[in-house]
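Undergrad: Listed here are the chains, written in short residue letters.
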Amino acid sequence: MTLIVLTGIPGSGSTTILNKVLEDVDYLHLNYGDIMTEIAIEENIVDDRDQLRKLSPEIQKTIQKKAARRINEKSQSNNVIVDTHCTILTPSGFLPGLPVWVLEELLPDIFILIEANPDEIIYRRLDDTSRIRDIESAKDIKLHQEMNRAASMAYATLTGATVKIVQNHDLHLKSTVSKVVDLLKN
Amino acid sequence: MTLIVLTGIPGSGSTTILNKVLEDVDYLHLNYGDIMTEIAIEENIVDDRDQLRKLSPEIQKTIQKKAARRINEKSQSNNVIVDTHCTILTPSGFLPGLPVWVLEELLPDIFILIEANPDEIIYRRLDDTSRIRDIESAKDIKLHQEMNRAASMAYATLTGATVKIVQNHDLHLKSTVSKVVDLLKN
Amino acid sequence: MTLIVLTGIPGSGSTTILNKVLEDVDYLHLNYGDIMTEIAIEENIVDDRDQLRKLSPEIQKTIQKKAARRINEKSQSNNVIVDTHCTILTPSGFLPGLPVWVLEELLPDIFILIEANPDEIIYRRLDDTSRIRDIESAKDIKLHQEMNRAASMAYATLTGATVKIVQNHDLHLKSTVSKVVDLLKN
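Residue numbers (the working numbering), protein chains in the order written: chain A, 348 to 533; chain B, 348 to 533; chain C, 348 to 533.
Extracted from the complex, chain A is given alone in its bound form (with noise of 0.2 angstroms):
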């Protein structure tokens, strides 16, 4: 059995291809953020997931670790894909979305970040009205995409799993979403 965890910034596209590889693989399909949440309600901790960022930073963690496992424990009988972030943007700087303590628990297989030129992360940012996004310059998107390689490689050497970049520009979508089937099929 395999353990993927897919990234990519807002506007790389991750969410399309990811929506688009699972109608090909026999793959659960799991959110991060959503066990998370599913933890804390189970034990009663929050009402809703808005409610999570409030916790203080040992509770968090404490639930990051839950989540990490659970997720560990569906994938020794399922191929799993979850979705997260490798590092999010905060204003206190980039926060890594798998600091040690979750990659102990969680032991995935393979990193696969998804990345786009920054022009056109831009042209889509825009492009989406459904989403309220701060106005980045291509200088900082190329700066979090950066940030993110070193992250992942961090993770890498911490369990063993692989990193693979995949690029997913516009027009190539078809072909960007059956490299990423062949790599999950493997």
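The set of hints was computed from the structure by calculation and includes no laboratory data.
Check before you lean on any hint, since a few could be wrong.
Copies of one chain are not kept apart here, so a pair can be met inside one copy or by any two copies together.
Listed below are the simulated DSBU-like cross-link pairs for lysine-lysine, each with C-alpha atoms no more than 35 angstroms apart in a straight line [to be verified]:
#1 367 <-> 421
#2 486 <-> 421
#3 532 <-> 367
#4 401 <-> 521
#5 412 <-> 532
#6 526 <-> 421
#7 408 <-> 421
#8 401 <-> 526
#9 532 <-> 489
#10 532 <-> 521
#11 486 <-> 408
#12 367 <-> 489
Here the structure of chain A is known, so what remains is to put chains B and C in place on it, guided by the hints.
TA: This is chains B and C only, laid out in the frame that chain A set:
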């Protein structure tokens, strides 16, 4: 309480930023090397800072850990800003300023990397006649900043801290300082 | 005693550098894969090196650890230079050559990354008719070297070792070799 680690390569202007920022925030400022020296003198291991680097790696490691623990203890009752090096350029290559045994005791909240363009850094180094510095090419400076970014994401993965990159460009000191002040006040 | 890990992607010229350097320094040369094979044969797990990669991940991990320990033991009484891969380009992405369980046993002092310009690497690969290699674009080669830099800083953070990047440009072999020799003699 917040524990900040502030770093920047020589010529990045991190010391200037630090001094200006300290005028506006209520933070205890500690220098990592000073705390190491303090501990080594207390334990009668050295008489002054210069002797630190002549100690065996094992003894240095023990002092590094104790310094990290002391800083963390101080951060329980104060907001603390530590200045140190992200990586140190040595003849044997880039030495991580915050190896895992330091990180596990220090447990910082935010790593701030003060950066500037390589040409800005070259001019600032030429202007600084108080220190004798090796001449580094723009390419070497770019590489050092790149390695610091990678190192900082490894540090973040091991601690859960965020990494904030702050550009300190010529003629923008005031706005750069106020960005860092805002970061420290939040 | 010093324990060096020497790496370079195919076409970087790391093997050429290694052979030249060994003429001038008193170092025991070990190949990481050879030591793994040696251990797996001693323990009657495989008959030859090719069978190594067919073993389960868990058994491979055990052999990796034992190989790292054996190399570290040899480095107690000899200066040792190990050649291996920083990351390995697999169909599933970049696989770290030195995951945390290897690093914790190996405890090297210096990681040397031999690099060259992507175009130099492409020409060298075309010239090397002894091996069949996939054609990689300059962009892919640049990415691989970038990921190796990030991985090496994660390795350094976990061990306290330094990372030395050495450019091996065409027509400069002699001075490159002497740089590495100087590094090993200090």
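Undergrad: Check each numbered hint against the structure and report the violated ones by number, ascending.
TA: 2
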